[in-house]
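Number of protein chains: 2
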Amino acid sequence: MATSSEIGLAAAINILTAFAFLVAFAILRIQPFNDRVYFPKWYLKGLRNNPLQSGAFVQKFVNLDFRSYLRFLNWMPAALRMPEPELIDHAGLDSVVYLRIYLTGLKIFVPIACLAFTVMVPVNWTNRTLEESKLTFSDIDKLSISNIPKGSNRFFTHLVMAYAFTFWTCYILKREYEIVAKMRLHFIASEQRRPDQFTVLVRNVPPDPDETVNELVEHFFLVNHPDQYLSHQVVYNANILSKLVNEKKTKRNWLDYYQLKYDRSNKSKRPLMKTGYLGLFGKSVDAIDFYQSEIEKLLKEISKEREKIITSSKYVMPAAFVSFKSRWGAAVCAQTEQSRNPTVWLTEWAPEPRDVYWDNLAIPFVSLTVRRLIIAVAFFFLTFFFMIPIAFVQSLANIDGIVKAAPFMRGIMEVEFVKSFIQGVMPGIALKIFLIFLPSILMMMSKFEGFTSISALERRSASRYYIFQFINVFLGSIITGTAFQQLNTFIHQPANTIPVTIGASIPMKATFFITYIMVDGWAGVAGEILRLKPLIFYHLKNFFLVKTEKDREEAMNPGSLSFNTGEPQIQLYFLLGLVYAVVTPILLPFIVVFFGLAYVVYRHQIINVYNQQYESAGSFWPDVHGRIITALIVSQLLLMGLLSTKEAAQSTPLLIALPVLTIWFHRFCKGRYEPAFIRFPLQEAMIKDTLERAREPCLNVKAYLENAYVHPVFYNEDRWDGSDDGISDEESQKEPPLVATKRPSRTNTPARSQRSESTRTLLSVTDERSCP
Amino acid sequence: MATSSEIGLAAAINILTAFAFLVAFAILRIQPFNDRVYFPKWYLKGLRNNPLQSGAFVQKFVNLDFRSYLRFLNWMPAALRMPEPELIDHAGLDSVVYLRIYLTGLKIFVPIACLAFTVMVPVNWTNRTLEESKLTFSDIDKLSISNIPKGSNRFFTHLVMAYAFTFWTCYILKREYEIVAKMRLHFIASEQRRPDQFTVLVRNVPPDPDETVNELVEHFFLVNHPDQYLSHQVVYNANILSKLVNEKKTKRNWLDYYQLKYDRSNKSKRPLMKTGYLGLFGKSVDAIDFYQSEIEKLLKEISKEREKIITSSKYVMPAAFVSFKSRWGAAVCAQTEQSRNPTVWLTEWAPEPRDVYWDNLAIPFVSLTVRRLIIAVAFFFLTFFFMIPIAFVQSLANIDGIVKAAPFMRGIMEVEFVKSFIQGVMPGIALKIFLIFLPSILMMMSKFEGFTSISALERRSASRYYIFQFINVFLGSIITGTAFQQLNTFIHQPANTIPVTIGASIPMKATFFITYIMVDGWAGVAGEILRLKPLIFYHLKNFFLVKTEKDREEAMNPGSLSFNTGEPQIQLYFLLGLVYAVVTPILLPFIVVFFGLAYVVYRHQIINVYNQQYESAGSFWPDVHGRIITALIVSQLLLMGLLSTKEAAQSTPLLIALPVLTIWFHRFCKGRYEPAFIRFPLQEAMIKDTLERAREPCLNVKAYLENAYVHPVFYNEDRWDGSDDGISDEESQKEPPLVATKRPSRTNTPARSQRSESTRTLLSVTDERSCP
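Residue numbers (full-length UniProt numbering), protein chains in the order written: chain A, 1 to 772; chain B, 1 to 772.
Among the hints, a few may not be true.
Identical chains share a label here; the pair holds if one copy fits it or two copies do between them.
[What the hints assert, rightly or not] Heads up, simulated SDA-like pairs for lysine to any residue below, C-alpha to C-alpha not over 25 Å straight-line:
| # | residue 1 | residue 2 |
| --- | --- | --- |
| 1 | LYS283 | ASN253 |
| 2 | LYS249 | GLN31 |
| 3 | LYS174 | ALA376 |
| 4 | LYS182 | GLY626 |
Calculated from the structure, these hints are not laboratory results.
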C-alpha cells in the first residue's frame, strides 16, 4: 500500500498535469487561429463569424494582447455565468441534464465529505490498532476503518453514518429526479413546436395482400383515429441510396482536393492519379477528369435508385411516421395498444427527426426477441471472457511468433530496442485497443438489438458499459483476477461470503482508486478541455482541404457529449464515492474535486464546443438515477460484508434494513417520476394544443409536418449537383387522395367506411371554416 | 422409503376413499331434497324451480327410481358434454379459463408420461446400481434416476429428455396462451354490452380548494377528453352505511327467526329473549317487539347516514368512475397518462361493477407504496418465520401450561384420554388452524395493499400462496426443516451447491409426494364434489330458517372457484410433475390422474354449482403461465444439481442453455400475448363501437351507465322497509348541470372554457340530431 507521501507525490504530478493542460488550453484558446476549435458552437449557431480580435495581419493568428494572458482562468467564471434557462435554449435540455449529473455528484458528496471528516476521521484516527499490529500501514490507512479494533463499539458510528449517507443520497436523488422531471415536462410543454410532438412511429405494419403499406396505414388510422389522424410518411429503405450518396461525397472531396492542388499550382499541371487500389496501382489518369466522370456516373445511379425507391413497393418498409392533428391525438396513439395482435401496429413516440436510427425501423417482432437473446448471451461472454481473445493475441504478439510468421522481420527483431518495445508494450496495446473499441462494440450490439432512436441506442450502450466497468474495473481491481475467475469463485462461494470477500479487500484498495481518480478523472477532464485531437485535425484540414466557408465549418468537428461512454465513467465515481464514504473517507475530497472540475469543464464545453446531434429531453435520467441507486445498494452490501469480518456482527440486522429501504425508495421514485420520461400526459398535450389553437388559429400543421420525417439522405445531400430533393418535393405536392376503404367485406362493417369518409369530409369542412 | 407394495396399499386406500366420495355424491345428488345443494347454479339462473322428478310426496324428498342409481356415474359424461362456447355463456370466461389450467396439465403431462415410460423407464430399470449397493431400495427407486451408476453415459438420455420435455411444455404453453388470449379478446369483443367497457376508474383526484371532487372530475375530463367524456359517478365512502345495513340484515334475520318460531307455536306464546351479551344476560323482553324496534331505529340511522352521504362532501372519496361515449374513448383514457404529476388522476380500466373492492378506492399514492413495503416485509416474515408463533402456541398448549393457567382444569387433565388427546393432537391443530387461515391472512394482506378489484386481490393472494407453498411445502418436504433454517443454510452455502443439495434429495422424496398427490389431490378433489359442508349447512338452514323462496336461495350458498387457494394448489402439481418427469417418471401417472379427475369434477361443479362473483375475462392467465414457467426453470436447475452429484458434470453446460432459453421464451410470450390481458386494443374498441352504432343508432349509453357503478349498499339492500335507493335514484334524475369552468386564470387559456362549453353544446346537438 502506498504511503501518504507517495499519494502526495502522485497527487502533485496529476495536479501539475491537469494544471499544464489548463494553462495550455488557456493560451491556445485565445489565439485567433484556434478560435474555431474552441468556440465551434458559436460558429454553428451563426453568432460568430470570425475571431473577435481584429487588427494587424499577425493578430489574426496570434494573440498579442498580453493582458489577456494574465486572465487565463477567466473562462471558468464565464462558463458558470450563463443561467440554466439560457443554457437550455443554447444547447438543449440533454446537455443541461447531463451537467446535472455532475451537480448531483457535488450535492451528494460535499456534505458527505464534510460529515465524514468531522465525525469519522477522528473516530478512526484515535485508535492504535494498526500501530499495535505488525502490518505496514500508511497514514491513509490510519484514517480508514481498518484502524478500528475488531468488535469495537465504535463501529456504531459507521453504522449511523451509513444511514445518514443513505438518507442524504436518497434525498438528493429524489430532489434531482423531481427537478429533472419538471424541467423535461416544461421543456416539452415549452413554446417550441416540434414535429415529434405530433408524430408517432408505427412499426410492424402487417403485410396485406390487397393494399400497399401506404394505403394500409392510411386506412388503419383513418378508421381507428378518425378525428385525429392527419397524414403519414412511409419509411423507405434508402440504405443503398445512402451508400451511393456517401460514395459521391467522398469522390467529391477528392475532386475538390485535386482541383485545389491544380489551382494552387497556378493551373500549370493537371494532377495525375492511379485508378487501382488506394491509388497505388493501375494506370495513371487525369485526376480531375476521372473524378468528374465518376461523380457523373454516380449521379445517374443515384437518380435511378431514387426513381426505384419512389416507384417500387419493395423499398417501402413496414413502418411509418403517422402524424396527428393535435398533440393530444399523438399522445393517445403513442400510449395505446392498436391491434388485437400485440406484435403488429406497434406505436411509440416518434423520436426527433435527427434522433431516428433509420436502419432499424423494419425489424419484425420475433426477430427482435431473438436478437435480444443473442445479444444478451454475447454480452455475457464479452464481459466474462473478453480476456481470452486478448490473451490469444498477446501470445501471438511475442518475438518468436512474429519471427515465425514473417521470417524476413528477423533482422529488425534482433535490435534490442524493437524487441523490448514489442515485449513491453504489445500486450498492453492489445488490451488498450480492445478497451478503445469497446464502446463501439457495445454500440454495434445495441444497433443489432434493434432500437429505433440514437438516444435509445446510447442509453442501452451506456448501461452495458456500466456493467462491464463495474465487473471488470471495480470488482476486477478489488479482487484481482479476470471476470471469469471471479464468477467462478462467486459460484463456488456461499452467498453471504461474497460481500465479505469483496468488503474485506476494499480498504486495501483505497490508494489505488485515489490514484485512478487523479489519473482518469482529473487529468482526463483537463485533457478533454484541451481538445488536442480536434485541434490538430482542424489545422491539418484547414491547411490541406478547406476551400469554402462550408468546408471550414465541417472541419471544425465540434463533437458532442457521448452519453454512452461519458455517463458510465461518471457512475464509476459515484460508486467509488459511496462505497468508500464509510470505509475510507479520505477518498471523498478527490471525488469532490473531480465532480467540481468536470462540472466547470463540461459546462464550458457545452457552451462553447459541443453540438448535440439530437434532443431527447433528458430521457436518460431514469438510467442515471437507477445506477446511482445500484451503487448505493452495492455500497451497503459491501459494508455489511466488511463489518462482518470486523466481528461487528450485531450490526448486520441493522444494516439489512438499508438495502430494503433503498430498493423501496427506488420503486417509489420509479412510480412517482418515471412516467414523466416515458409517457406524455394528455393534460399537457391538451393545454399546449389549446394555446396553440388560440394563438395561431390558421396554423397549417400538415404543411409543417410534411417533410419532417423524410430519410435524411433525401435532403442531407449537398446541392452541388443542382438536383432537388426528389421524393420529398413530389410527396409534398401530392395531396394524399381520399382513398375509400376498399374492403368493407373484411370487417363486416357497412357503417365504417361511410363513417370515415364522412368524418374526413366534416373535418375538412371544419378546417376550412376556421381558416378561410 | 416406501416399497412399491406400500405405495400400492396407499393408492388402494386413496382410490377407495375417492370412490366412496364419488358414490356418496352419486347417491346424494339424485335425491330431490338435495337438489338445491348440487344444482344451485341452475336455480340461480332461473332455469330450475324445483327438482326434476315429480310424483308422490315421498318422491319429493327421496329418489325411488332405482334405475337412476345404476347410472350413478353418468354425471361424468354429462359434465364433459357441454361445449366450450356454451359453457362460457353459462358460467363466464373465468371458469372456462380456469378449467383450461387442468386441460393444460393433461396436455403437458400425458405425452410426457408416455415418452418417459417408453424411453426412460427401460433406461433406468436395466441397471443394477441399487442392487449392487447395500442400500435398501424399492421397485420405485429402480425406476428412477437413482438406479443409474455414477458417471454413466446413460445420463445423456435424461439430458435429451429434459430438452424434449422443456420444448413440449413450452409448445403447449405457447398454444394455450394464444388460445386464451384469443378467447379473452373474443369474449370482450362479443356482443354483450357491459358497463365496464365504457368506464374508467379514476383514482387520486387531487384536492382542490375551489371545487368539489364532483365538479373537478367533470371539468378535468371535459377539458382533456372533450369529444368522448360522457358522465361520471363519484365514489362515496359508504363504509358506515354498509355496516348499518349489515347490522339491520342480521337483526332482520333474528326477527324472522322469532316470527317463525311464534308462527310455528300457533301464535300461542310470544318468544322471549335477553338483551345482554349473546342473549345470555340482561333482562328478558319480547323478542319480536325488541327486534322490530331495533330495526326501526336502524332504519332511521340509515336514512340519516344516507342523507349525510349525499349532502356532505366529506363522504366523497377522491375517486370516480368516469364513463365515455364510446369504448374507444374509455380505452384511450384507461391507457394514457392524464396529468403532469403521475401520482394523481390515475386511470385504469374500471373492473366489472361486481368486481370492485370499494374500500380501497381512496388510498393515496404515497400510502400505497408504503403499504406495499410493509406487506413485502410482513410476507417475508410470514413465510420464513411462521413456525415461531405456532411453536409458541404449541408450547403453551401442553398439559402443564394449561394446568398452570387454569388450575380448575386439573381434574379433567388427569383423565388419560384427554391428556393424550391434547398432547397428540393440539400441536398439529395449531398448525392446521394456521394453514386453514393462511389464505384469509394473505387475502387481508392484499386488501391492505390497496388493490381496487376483487380479481386483483385474488391474483395477488394466489401468487403469495404459491410462494408460501413452494418454500414451505415443496422445499420444506425435500429438505426437512423450517423455512428459516433452509434460508440460513442457503445463505451459508455456495450458490452452486443449493441446487445440488435440493437436487440430490429429490429422488428420495418421490414416494412421499406420490402419497401427497393421492391424499391431497385425488381424495381432495373427490371430496370437493361431495360438498359436505354446504350440504349440511343447507339442510340446517332449510330446517330452521328458510321461510321464503329468497331465503332458500340464500341458503344454497353455491360458492365459487376460489382462485386464490385453488390455483396455487394446481401449480404445486405442475411443479411436482415437471421436477419428477426426468427423475422419477413413475410419479407422472398420478399427476395425470389428478388432472383428469379434477378436470371432470370442476367442470361438473362449474356447470351445476359454482356461481362466480365477478368476471375478469380470464385476466389471471399470465400469472398461471408465469408460474408454470417458474416450475420449469426450477426443475431444470434441480436436474443440473442432481446430475452434478452423479458425476455427469459434462452435462452441465448443455443443461445451462435450458433455463436461458426458457427465460427467453417467457419474455417472448410476455411481449407477444400479455398486452391482450392488460390493455385493450383500440381497433377492437372501434369495431365494437361502430357495430353498435350501426345496429342501435338510438342507444342511450348515458342511461345505460347511470347506475352501474353505484356502491352496492345503495341497491343491494333488501326492500323490506319499502324505502327506495336514495342516492342512485336522485342521481339518476339529476342531469349533471353544465358547469362552466370557473378558473380560466389558472391555466391562462381563455379559449378552453369556451371550447368545453361549445363542445358540450355541439355534442348534445349531435345526440339530438342522430336520435330524435
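Checked hints:
{"no.": "1", "hint": "LYS283 x ASN253", "in the structure": "within (21 Å within a copy, 111 Å between copies)"}
{"no.": "2", "hint": "LYS249 x GLN31", "in the structure": "neither (32 Å within a copy, 93 Å between copies)"}
{"no.": "3", "hint": "LYS174 x ALA376", "in the structure": "between (31 Å within a copy, 22 Å between copies)"}
{"no.": "4", "hint": "LYS182 x GLY626", "in the structure": "within (18 Å within a copy, 37 Å between copies)"}
The structure shown violates just one earlier hint, number 2.
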